[in-house]
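Q: The working numbering applies: residue 261 is where the sequence shown begins, and numbers increase by one.
Possibly wrong hints are sitting among the right ones.
Stated by the list, open to error - Each computed DSBU-like pair below joins lysine-lysine, with the alpha-carbon atoms no more than 35 Å apart:
no., residue 1, residue 2
1, LYS283, LYS271
2, LYS283, LYS302
3, LYS302, LYS271
4, LYS298, LYS283
5, LYS271, LYS298
FYI, nobody ran anything at the bench for these hints, they're computed from the structure.
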Amino acid sequence: MNYGFVIDNRKCIGCHACTVACKSEFDVPIGVNRTHVKYIEKGEFPNSTR
Numbered sequence: 261m262n263y264g265f266v267i268d269n270r271k272c273i274g275c276h277a278c279t280v281a282c283k284s285e286f287d288v289p290i291g292v293n294r295t296h297v298k299y300i301e302k303g304e305f306p307n308s309t310r
């Protein structure tokens, strides 16, 4: 069985709380990650977004 969740990227601040919640809820061992937060930067300095 696969699990997934949806994140509103407009509200994401990159705090990794979703990663912590996933590890806590599913008893993921230390050193194992089942999530990946990918950062995509757009634009050029000083008008860049993440």
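Q: Look at each hint and say if it fits the structure.
A: We went through each hint and held it up to the structure:
1. At most 35 Å may separate the alpha-carbon atoms for a hinted pair to count; LYS283 and LYS271 meet this at roughly 21 Å.
2. Between LYS283 and LYS302 the CA atoms are separated by roughly 30 Å; this keeps the pair inside 35 Å, and the hint holds.
3. Distance hint between LYS302 and LYS271 is fulfilled; the C-alpha atoms sit about 16 Å from each other, no more than 35 Å.
4. Restraint check for LYS298 and LYS283: the C-alpha separation of about 17 Å stays at or below 35 Å, so the hint holds.
5. Note on LYS271 and LYS298: the hinted pairing holds, with a Cα-Cα distance of about 15 Å set against a maximum of 35 Å.
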